[in-house]
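> Produce the entire structure from the sequences given, and follow the hints as far as they go.
Going line by line, the protein sequences match chains E and R.
Mapping of the first sequence onto this note's numbering: position 288 corresponds to residue 288, and the numbering continues sequentially without gaps.
Mapping of the second sequence onto this note's numbering: position 46 corresponds to residue 46, and the numbering continues sequentially without gaps.
Rather than coming from a laboratory, the hints here were simulated on the basis of the structure.
There's no promise every hint is true.
Below, a sample of chain E positions facing chain R; criterion: calculated Cβ distance under 10 Å [as the list claims (entries may be wrong)]:
(1) Tyr42
(2) Ala46
(3) Pro50
(4) Arg61
(5) Leu71
(6) Arg92
(7) Gln143
(8) Met146
(9) Glu186
(10) Pro188
(11) Ile195
(12) Ala244
Beta carbons: idealized from backbone N, C-alpha and C, even for Gly.
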Amino acid sequence: MIDRASTFSDPGIVALLREKFVPVAIDQAYQRRQQDAEGDFYRKIANQGPRPADGGTTQGRYLAEADGTLLGFNNHRDSERLLRLMREALARPRPQGVAAVEAGTKDARYSPVPPADGLVVRVHSLVLGGYPETEDPVVKIFQEGMGRDNLWIRGDEHEALARGELPDSLVVRIARFHLVDNTRGEPPMWAAAEIRERSVALSEGRLSGRLHLATADGTREFRAELLGFVESEGGRVKRFDLVAKGAFRGESPLTRHAPPGEFPLGISFRLAEGGDPADTLPPQGSRGWVDGYLRDR
Amino acid sequence: GGLAFSEFEELHQRLQIWRTIPWKTSLLEAQSIAAREGKPIFIWAMDGHPLGCV
Chain E
1 MIDRASTFSD PGIVALLREK FVPVAIDQAY QRRQQDAEGD FYRKIANQGP
51 RPADGGTTQG RYLAEADGTL LGFNNHRDSE RLLRLMREAL ARPRPQGVAA
101 VEAGTKDARY SPVPPADGLV VRVHSLVLGG YPETEDPVVK IFQEGMGRDN
151 LWIRGDEHEA LARGELPDSL VVRIARFHLV DNTRGEPPMW AAAEIRERSV
201 ALSEGRLSGR LHLATADGTR EFRAELLGFV ESEGGRVKRF DLVAKGAFRG
251 ESPLTRHAPP GEFPLGISFR LAEGGDPADT LPPQGSRGWV DGYLRDR
Chain R
1 GGLAFSEFEE LHQRLQIWRT IPWKTSLLEA QSIAAREGKP IFIWAMDGHP
51 LGCV
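As structure tokens, then:
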């Protein structure tokens, strides 16, 4: 998240990425494991760097030729260092006559796709207050950062919504995997047993109600009020707008430095148009567990 | 027991980089474009969810 607001907001880096490179953003936990052409090509590049693909995380920024030759590796937020590496890579002659790698059969374990006849909904979250004031620019980035995710809706749930019904499986999925504070990092998802109250209804296109989630030890809790609107036409949902807002409390090892005590958290859901490459990315809660994410509860 | 409509509108408009930088999400798609256009590939390899980082 901090890279979004620092390194990848640097005008020089943005210009080179737009004009001189082909930029790709991946979760390397997939690519370094998957047994297919995509995984092979990634490991070919990563294994030339300081973090071999068989030794744990390979995270970082890799500059590579289309033939898989590594041009440089960087895992530092210093924009000047990254810019220098990019310029050095561009100064080298490009290999000629490189062919596109044939994709072949994809490793389905690491190539999740949205459910057939389902829907993709963009989910954005924001802490709405409660942070202590700070002049530290890095801390400010975390405090003002927006969490982003995708919600996947199954085909049968899509059909139900189009009929004006609200499937319980969808309410549970929204509660467990999307009513989370992901604004400072990757949060833990809620267990099914941590849904303490679930009173949500869809009536004449209006979705409203409340959800209460809490861990058994009381360290994390969210009491959310919901309001949304669902519209369909010809058996297809054309609008899915939903907002959840309420008092959140707690943090986790990867989302440290939450505001003290209870703080207001807002989460907004909107049907994806499909034109953004981000719409193809699987939900965070499905990482390594798509079936578990999509099942009834 | 739901949210007020005014809060729904305000938050939805307030809450709702991928346009600034045209990130691909498939390495092979990026490789194919790089081969065709004679450009190098820039891979941002994360240990986590790209939506959360990008």
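> So, for every hint listed, does it hold in this structure?
We went through each hint and held it up to the structure:
1. Tyr42: holds (6 Å)
2. Ala46: holds (7 Å)
3. Pro50: Constraint on E/Pro50 not satisfied, violated at 12 Å.
4. Arg61: Constraint on E/Arg61 satisfied, holds at 6 Å.
5. Leu71: This hint holds: E/Leu71 lies near chain R, its Cβ roughly 6 Å from the closest one there, short of 10 Å.
6. Arg92: holds (8 Å)
7. Gln143: Hint violated; E/Gln143 Cβ to chain R Cβ min 15 Å, cut 10 Å.
8. Met146: Check passed: Cβ of E/Met146 comes within 7 Å of chain R, closer than 10 Å.
9. Glu186: holds (5 Å)
10. Pro188: Hint on E/Pro188: violated, closest Cβ of chain R at ~13 Å, above 10 Å.
11. Ile195: violated (15 Å)
12. Ala244: holds (8 Å)
When each numbered hint is compared with the structure, violations occur for hints 3, 7, 10, 11.
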